[in-house]
Structure formats: C-alpha cells, structure tokens
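Engineer: The listed protein sequences correspond, in order, to chains A and B.
Each number in this note's numbering comes from the position in the first sequence (counting from 1) with 93 added on.
Each number in this note's numbering comes from the position in the second sequence (counting from 1) with 69 added on.
Hints are computed from structural coordinates only; laboratory data are not their basis.
Hints are supplied without guarantee of correctness; some may be wrong.
Claimed, not checked - Straight-line Cα separation of at most 27 Å, DSS-like style, residue types lysine-lysine; simulated pairs:
#	chain 1	residue 1	chain 2	residue 2
1	A	Lys341	A	Lys145
2	A	Lys275	B	Lys158
3	B	Lys237	A	Lys379
4	B	Lys138	A	Lys275
5	B	Lys138	A	Lys166
6	B	Lys171	A	Lys379
7	B	Lys171	A	Lys275
8	B	Lys237	A	Lys339
9	B	Lys138	B	Lys158
10	A	Lys373	A	Lys183
11	A	Lys224	B	Lys171
12	A	Lys373	B	Lys237
13	B	Lys109	A	Lys373
14	A	Lys341	B	Lys237
What the hints assert, rightly or not - Partial selection, computed: residues in chain B whose CB lies under 10 Å from chain A:
#	residue
15	Val85
16	Val89
17	Glu159
18	Lys163
19	Ser166
20	Leu169
21	Glu189
22	Arg203
23	Val218
24	Arg222
25	Thr223
26	Leu232
27	Gly239
28	Thr252
29	Asp254
30	Gly262
To be verified - Rough simulated footprint, nothing fancy, chain A against chain B, three-plus residues with beta-carbon under 8 Å:
#	segment
31	92-105
32	170-184
Values in this document were obtained by computation on a predicted structure and should not be read as measured data.
Virtual Cβ for every residue (Gly too), placed ideally from N, Cα, C.
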Amino acid sequence: MLNADNIKEYLSEIEEALQNDFQRKTLDTFAVAYRTGRANAFSGMDIPGLVKDIARSKDDSLAEMDELYQQFKEKAQALGVHVHLAADAKQANEIIAGIAREHQCRNVVKSKSMTAEEIHLNVALEKEGMKIVETDLGEWIIQLRKEPPSHMVLPAIHLSRYQVADLFEKVTSKKQDSDIFKLVKVARRELRREYVQADMGISGANFAVAETGSLGLVTNEGNARLVTTLPRVHVALVGLEKLTPKLKDALLLLKALPRNATGQQITSYVTWLTGPSECKSSADGKKVMHIVFLDNGRRKLSSDKNFSQILRCIRCGACANVCPVYRLVGGHKYGYVYIGAIGLVTTYFFHGRDKARLLVQNCINCGACKEVCAAGIDLPGLIKDIHARILDEEGHPPRSKLLAMVLKNRRLFHMLLRNMRFAQLPFADAKARYVRHLPSIFMKGQDFRKLPVLASTAFRDKWKSVKPNVSRPKLKVGLFSGCAVDFIYPEQMEAAVKVISKGKSIAQDHPEKQTCCGLPALMMGEKDAARETARQNIEAFASSGSDYIVTLCASCAAHLKYGYPKLLEGEKGLEQKLKAFTDKVMDFSSFVRDVMRISPMLFRKTVQKVGYHSPCHLCRGLEVREAPRANINLVHEYVPTAEEEVCCGFGGSYSLNFPPVSRTLLAGKMANLRAGGISAVGTDCPGCVMQIRGGMARAGIDIEVKHVAELMAEQLK
Amino acid sequence: MQEEMVNTFTAKAEAVSAVVRKVSNMQQALEYAVKICDEKEACRLLLAGCELAVSNSAAELCQFSSGEKFIAAPGLDRDALTGLQALAKERDIKVVSSGLRKYASGLDMGLAVADLGLAETGTLVLECSSEDLRLSTMLCEINILVLPVSRMRTGTDEAEEELAAMMKNGSAYLSFITGASRTADIERVLALGVHGPLELHILLWEDD
Ligand code: SF4
Ligand code: SF4
Chain A
94 MLNADNIKEY
104 LSEIEEALQN
114 DFQRKTLDTF
124 AVAYRTGRAN
134 AFSGMDIPGL
144 VKDIARSKDD
154 SLAEMDELYQ
164 QFKEKAQALG
174 VHVHLAADAK
184 QANEIIAGIA
194 REHQCRNVVK
204 SKSMTAEEIH
214 LNVALEKEGM
224 KIVETDLGEW
234 IIQLRKEPPS
244 HMVLPAIHLS
254 RYQVADLFEK
264 VTSKKQDSDI
274 FKLVKVARRE
284 LRREYVQADM
294 GISGANFAVA
304 ETGSLGLVTN
314 EGNARLVTTL
324 PRVHVALVGL
334 EKLTPKLKDA
344 LLLLKALPRN
354 ATGQQITSYV
364 TWLTGPSECK
374 SSADGKKVMH
384 IVFLDNGRRK
394 LSSDKNFSQI
404 LRCIRCGACA
414 NVCPVYRLVG
424 GHKYGYVYIG
434 AIGLVTTYFF
444 HGRDKARLLV
454 QNCINCGACK
464 EVCAAGIDLP
474 GLIKDIHARI
484 LDEEGHPPRS
494 KLLAMVLKNR
504 RLFHMLLRNM
514 RFAQLPFADA
524 KARYVRHLPS
534 IFMKGQDFRK
544 LPVLASTAFR
554 DKWKSVKPNV
564 SRPKLKVGLF
574 SGCAVDFIYP
584 EQMEAAVKVI
594 SKGKSIAQDH
604 PEKQTCCGLP
614 ALMMGEKDAA
624 RETARQNIEA
634 FASSGSDYIV
644 TLCASCAAHL
654 KYGYPKLLEG
664 EKGLEQKLKA
674 FTDKVMDFSS
684 FVRDVMRISP
694 MLFRKTVQKV
704 GYHSPCHLCR
714 GLEVREAPRA
724 NINLVHEYVP
734 TAEEEVCCGF
744 GGSYSLNFPP
754 VSRTLLAGKM
764 ANLRAGGISA
774 VGTDCPGCVM
784 QIRGGMARAG
794 IDIEVKHVAE
804 LMAEQLK
Chain B
70 MQEEMVNTFT
80 AKAEAVSAVV
90 RKVSNMQQAL
100 EYAVKICDEK
110 EACRLLLAGC
120 ELAVSNSAAE
130 LCQFSSGEKF
140 IAAPGLDRDA
150 LTGLQALAKE
160 RDIKVVSSGL
170 RKYASGLDMG
180 LAVADLGLAE
190 TGTLVLECSS
200 EDLRLSTMLC
210 EINILVLPVS
220 RMRTGTDEAE
230 EELAAMMKNG
240 SAYLSFITGA
250 SRTADIERVL
260 ALGVHGPLEL
270 HILLWEDD
C-alpha cells in the first residue's frame, strides 16, 4: 500500500524497493517463468478471439447490471438466500457486521476476496470485536504481518521462506524449519483449528450467474470449500460487475482466468453455490446464506463510455505479471489495494484521487499490460486518461501548462528547440555529441546515462538539400520525423531517405508544417495540446498527398495510428481526413520490407553480430516484430538476445520523472545485450537509441547503438 | 472418440499430479482404495503436519486421532458401501459414512463417485450438496474419485447444459475438482495439500 504523499517521498520509497534484492530476484524469475507458463496454458487456443469474446460478454453484462441484479436476487431469494445491495464500502461493512450480530457470530474464517480488501472489511469487523482469520495461505501470512497484498493472485510474493518461518515461530511458539513444504503443512494444521471454531465464513465470488442465482468461486487451495461448508453462516461479498446472465458466460471467463493468472488450465477447485446447502451445525440443518453485492461506484462506472471497460477485469493479475515497473518496485509501491495496471486505474474510482495521484504517473506506457489483458482493457490509455482527469480536477502544474502552451504553437516550439542548442552548447561535448554536464537542477538523478545534445541542423532545415529528385514517381512517401529525429538525430532520417530512394520511382516529401506527434503532451496529461498537435499534423499531411506516412519513431507511429482516432473521436468534419491519415501511417522497417520489398542485392552483408531491441510501441503498439529483425539480418548477422521486448526504460518524460526506475530498467536491458556477445544493437526508435546509447556510453561499454535505418544505409552498395 | 477423450483426460489429470487408473467394475475400485489406504503410513496425520512444530492448540486436534485409519465414503450406494466395509475390515480400516464434522483433524481417505469428467482439463465434477460428501473430499489426505467413463465429456462447452440443469434442479453445491489442493504462495514453490487432499486418485470405470 502506497504511503507517500508527494512525488519526492514516492521516489524515495521506490529507491528503497529497488534495494530489496529478494523481491527483485523473485519478481524477475516470476516475470520470465510466467511468459512460458502462460504460453503453454493457452497453447492451441485462439487468444485474441477469446479476449474479444470476453470483452463482448462482459460489456453486455455491464450494460444490464441492474436487470441482472434483479434477476439474480429473485432466483437466489427463492432458494432462501438473503440478498443485499451495498451502495458503498461503509454500508457493506455495516450489513456484514449486522449479519454477524444477528446470528451471534464471533469467529470468522475468510477465503480470499479482493473486494473485501477494497472495503477494508477485516478492519471494520475487528472493530466489532470479531476475530477474522484469512485462510488462503498467502492472505494468512500477510494478515499475520499486518500488510496488504502485494499481488492480486500471489499476495505474499514479496516474502521469503525465512520471513515466513520467522512469522510461524511467533504464531506457534515453536522453532520452525524454513522448508517450504513443512511450512505449508504447519499452516494446514493451524488453520484446520480455525475452521472448526468458526461460526461465520466469508468469501468473495468470481462469478454471479443470474439465471440460476449461483456463485462461482475459483481457488487452488480448497480453502473456499471449507469456508463455505463448516461455519453455520456464509456471507459472500460480490462486486456487481461479477454478474453474468448465464452459466455459459461464466464458463467463458473461466477459460481465461486460471490460464492468464498462473498458467494453469484450470484451478484445483471451482465451486458453484446455488442457494444454501446442507449444514449440520446450523439449527435447521441448512446454511444461513447472505450475498452482499457491492456497488461502490460500479453502477455509475458501468455506464461511462470510456471507463466502463475497467469493470471487465476478471482479476487475473496478469497486468502486474508483465509490467516492467511492477517487476522492479513490487506491489506495495504499485497499487493501493488493487495492484498493477488495473490497480493504477481502479484506485481512482474505488479509493479516490488522493490515493491515485502518484500511482498514475508511474506508468512508462510500454503497453505490456494491454497486450496480456484477458478482457482487452486499454490499460495504458486509461491510466493516461485518469492522469489527465486528475490534472483537470486539481489544476495543471506550471511545467506541464507551459509545455502545452508551447506545443500548440508549432513555430514557437521549433524556434525554442533551435535556440535550445545554443543554451546547451556551453555544457556540450561537441565531438561526441553528448551533454557533458548540465546544471544540477536539470540533471538530478539523470546521470545514469549520457544525454545527447541537439543537432547543429535539424532535419527540417536540411530537407531541401537531401531531398531526392524523382522524375516520374509511382509512389509518394511522406516522412514524419518526430521531434527526436528532427532535432537530435537528423542523421537517422537521412539514412532512411537514402534507403527509401533505392526503391523505383518513389518520391519522398517532408511536409514543413508537421510538428510534435503530441504523445509527450498526452503523457503529461495535457489532452488539449495533444489534440491540437494532432490536428496540425493531419492538416500538414493532407496537403502533401502521400500514399504512405513513414516514421522512424515507434512511439510516434503508434500514436499517429491508434492514438489519434481516440483523441479526435467524434470531431466534426475530420472523420475522413483522420482515417486517410491513420491508414497511411507505417514504420520504416515494415515499409522497406513489405512495401518496397527491398532487395538483399543492394547491401553488403557482414558477419558482424548485431542484436535488436524491440521498442514497446513497435512490437506491442503496432505489432511489428519480424520486419526490423529481418532488416538487420539483411546487412549483418542478427543475434537474438534475452528479453528483447522488455522496455528499455526510456518512456519519454517518464525517464525524467522516475529516474530510479528508468535507470534500473536500462541496466537490465544493457546486461541482456552484453550477454548476447554482440558488437552493435539496432532498434527502431530514436528514444530507445537515446536511452541505450547514453547508457552504454556512461558505462563505457563498447556496443554501438543505432537506428535500423542507419544500419541499413551504412551497408548500401 | 471416447478413447481420445480418455487419453486427453488422463494426460491433463496426470499433468496436475493426479494418479489415473482404469478399473472394470466397482469392486476393483473398492479394492484399489483399501489397498492404498492399507499401504499408507500408520499415523493418519503424518503427512498433514502432526509431527511438525504446530502450536499446542493446533496439536490438540490430534486427540481425535487414535492411530486407526479411516475411509470416508458417505456418497456410496448401499451395495458399494457394504463391499467396502467388508474389504476394509480385513485390514483394520474403519469406514465412516456420516458425521464427518468430527473428523476435522483429518481422514485418511475419501472415496466417492464423480458425476461428470471434463477431458480438456482433467477435471471431475462432483455434486456435493450433502455436507458429509463435501467434507469427505476435503478433510481427507487421499481423495479417490471414481469416474464412470460414460460420464466423460470433452469440456465445459459440451457439459454446459448438463451443468446448468444440475444447478437449476437443486444442486446447491457443485464442485469441479482438478488435481490435489495446491498452493504456490511461499516463494512460488508448488506445494500440494495446503487445505484439502494431498493426493487425488482417479479411477476410470469402464462402465459400458
Ligand atoms: S503500460 Fe507498461 S508500465 Fe504502464 S502499467 Fe502497463 S505494463 Fe506497466
Ligand atoms: S486488467 Fe486485465 S490483466 Fe489486469 S487483472 Fe484485470 S483482466 Fe487481468
């Protein structure tokens, strides 16, 4: 659970988390093992098709939440269940405490429920003088340690066997062995006693099936079966979003949940409760059964056009499993109650702006969570949206306001960039083109990699002199350079122009009025500025009449193609232009390989071993995976290295705001590249070049870092 | 078709460390159960942590233990139960078929007949609205479930209507059981038997 109140405190908590070697190692191993486990569990299945079906099925259910609730209630009541609807956390806690009072329950055994964590149920019941024992092993451990979960599925993943053994020593007053199997058995015995004594069992539910009034519970340990069997009273706390019309819908979700969560095809137990079952410790031989549905903002959210998709979440935890930031800092620093990408989003709605403000800034926008989400939720997009919303509610900080103002005015922006070079000069190492030293206010925590100086001439100012003359063009390419290529690495675009000019009858154009793609503004929550630059770019290219819009920057490309339609949705008179624009956007590597079908005969292939770093927005944003690797292999020997698709830690302004995370991600990236025995690495994004090249230079490692366009141009015959 | 289903089922169940055997009649199933129970370690709670450093009050649960072995079989029909009792008696094993709450400290074995099998995941479906039947599959250390092969389905898609019908027709507690009880909550190391059975044995009864 995040304690920090401001970014400075948050950063120091992050630094501390980064020092936690055990957690780092565990999460590293987990991240790697998870990938294989998941792939095996889904093997032979159509994952995108399944995700689509789940999204549709959940959306349909969400649209009729109230009706499903009514239907469920009628069915369940007819079976003898007491059904409640709690408007918020407080009310839910009161209802459950009331049930306990009515039936004179004092000892509660509980199976895992994130929804109960959401409303801090244990705290509320303890205030009533009740004893609550978590029975899921991980939950029990963290309950004994008085900690919140650090992962939705593996709540105690941050702890070692030694910490658990120490804890059990306190609980049992006996010396404990640190053997995991023995510890598990000790827990088994200790918890059996609790089940026997308990008079109330509390569970959550993964599904609530309206047609039969049934609850579905998915567990591995089997504790939920004991919790719902031994005590005479059973209370299930269920979020309204768990309602599905039919068993069929629940079974569909069940196909994805265990596979995406832990790489299991199914969990050991799936339990379906339809009304009170036999219970011999109850006076009339039947279980007293209450179901408390929780609203807590869900009903309102379910009709929000953009944010309702949050409620599709099936709580598989996968978005944390793949998140590079989670992997470094762990769940206690990457969520409030709900952890990982979905936690960043739900915290705002379930726990308020104060708890969410810092969290939503700590997303590097790598897209890994979105790619893995079982319910097809656009997590990074929503995180940005909430960030923007918080800024709108609280006022934009001066720095981001200034950026927005400048970005909206292209001439001013470009003039400032040109002038910035002069401001940088006194600090620059002119030959190597790195900033030698900057006044410390700019450089705090940034010295883990060298930063480049701006180029002496921007690409836009060179264009006239490098533009190839093509007499009777058959194809016209519009070049979109993006700020980093235009002002820092114009040589990358020059290389691209050279390569493209080898194609027959291809004319190239670099429309003068193009400007920043707008992603940095969006990342800072400046939606208006992002919209304005989008409009300017669409205009700039509309008049150029190109067949393709080719970019060297993966982030620009993904934003132009998929970000613009979202930003400008419903803007009158723009639909056609917008579509014409986005349809044409393509990354450099795909263009030369798939459109130009560039011939290997054009290049001198060497035996040099060259690796590849896969930019987040290329592999996941545009789903381009093969083209850049094939292009490298045209000119050198491409050598695969470990975790090519894991973020390098750049993330635009992210690396300026969260230097410790950026630094550590970069260190991991460089270690993997070094281990590959390569002499150079190619990538398809100027941001990644800046980050990795700067890191290599700072560490004095002799691995060249280049854009794939440069690698290709250098080997042209 | 059916053979393929049985093969898939077996492979999937074994992948989650279930033991799968074929039997040609109920008598063989009973003999298998009694044999396994007989070969099991004498203290019925040994596997479950009796010898370990549990707290004094948790150790007290052991007072129920008298060193005898118990098979819980509350769901068996009269013939099968009589057959089981006869076999068990020869080996000094007690058979219990009701009042299972008393055995919260643990049972050596639970024996029941499953209602459906789902091949694609190696899953058994057990209708256990009866409290004793439910407890027999949870409190035991070794869970033995007999699955008549005629009740095997390819997966939830095929079984969905049958399952929904069970729920509509008074099945208050329906369990999917796949492998033994498991956890990976400490250092992600897989450990079996955290709350429920430590072993699951599936006896495929070729009933047609
Ligand atoms: S986009 Fe990347 S950094 Fe952001 S939450 Fe998702 S996985 Fe984590
Ligand atoms: S947001 Fe998606 S990936 Fe994350 S827990 Fe929910 S369903 Fe799983």
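Engineer: All the hints need checking, so say for each whether the structure fits it.
Structural biologist: Hint check results:
1. Lys341(A) - Lys145(A): Roughly 15 Å between the alpha carbons, so the hint for lysine 341(A) and lysine 145(A) holds.
2. Lys275(A) - Lys158(B): It is violated: about 33 Å lies between the C-alpha atoms, which goes past 27 Å.
3. Lys237(B) - Lys379(A): holds (18 Å)
4. Lys138(B) - Lys275(A): holds (23 Å)
5. Lys138(B) - Lys166(A): violated (45 Å)
6. Lys171(B) - Lys379(A): holds (18 Å)
7. Lys171(B) - Lys275(A): With Cα atoms ~25 Å apart, lysine 171(B) and lysine 275(A) stay inside 27 Å; holds.
8. Lys237(B) - Lys339(A): Status holds; Cα separation ~12 Å.
9. Lys138(B) - Lys158(B): holds (11 Å)
10. Lys373(A) - Lys183(A): violated (32 Å)
11. Lys224(A) - Lys171(B): Distance ~23 Å between lysine 224(A) and lysine 171(B) Cα, so the pair holds.
12. Lys373(A) - Lys237(B): holds (23 Å)
13. Lys109(B) - Lys373(A): Between lysine 109(B) and lysine 373(A) the Cα gap is close to 30 Å, so the pair fails against 27 Å, i.e. violated.
14. Lys341(A) - Lys237(B): With a Cα-Cα distance of about 14 Å, the restraint between lysine 341(A) and lysine 237(B) holds, given a limit of 27 Å.
15. Val85: holds (7 Å)
16. Val89: violated (16 Å)
17. Glu159: Hint violated; glutamate 159(B) Cβ to chain A Cβ min 31 Å, cut 10 Å.
18. Lys163: At 20 Å from the nearest chain A Cβ, lysine 163(B) fails the 10 Å test, so the hint is violated.
19. Ser166: With a closest approach of 14 Å, the serine 166(B) hint is violated.
20. Leu169: OK, holds: leucine 169(B) within 10 Å of chain A, min 9 Å.
21. Glu189: Hint holds; glutamate 189(B) Cβ to chain A Cβ min 8 Å, cut 10 Å.
22. Arg203: Holds, about 5 Å.
23. Val218: violated (20 Å)
24. Arg222: With a minimum Cβ separation of about 12 Å from chain A (threshold 10 Å), the hint on arginine 222(B) is violated.
25. Thr223: violated (13 Å)
26. Leu232: holds (6 Å)
27. Gly239: At 8 Å from the nearest chain A Cβ, glycine 239(B) passes the 10 Å test, so the hint holds.
28. Thr252: holds (5 Å)
29. Asp254: Result: holds, 4 Å to nearest chain A Cβ.
30. Gly262: Result: holds, 7 Å to nearest chain A Cβ.
31. 92-105: violated (count 0)
32. 170-184: Coverage by chain A holds for the segment 170-184 of chain B (4 residues, Cβ < 8 Å).
Hint compliance for this structure: hints 2, 5, 10, 13, 16, 17, 18, 19, 23, 24, 25 and 31 are broken, all remaining hints hold.
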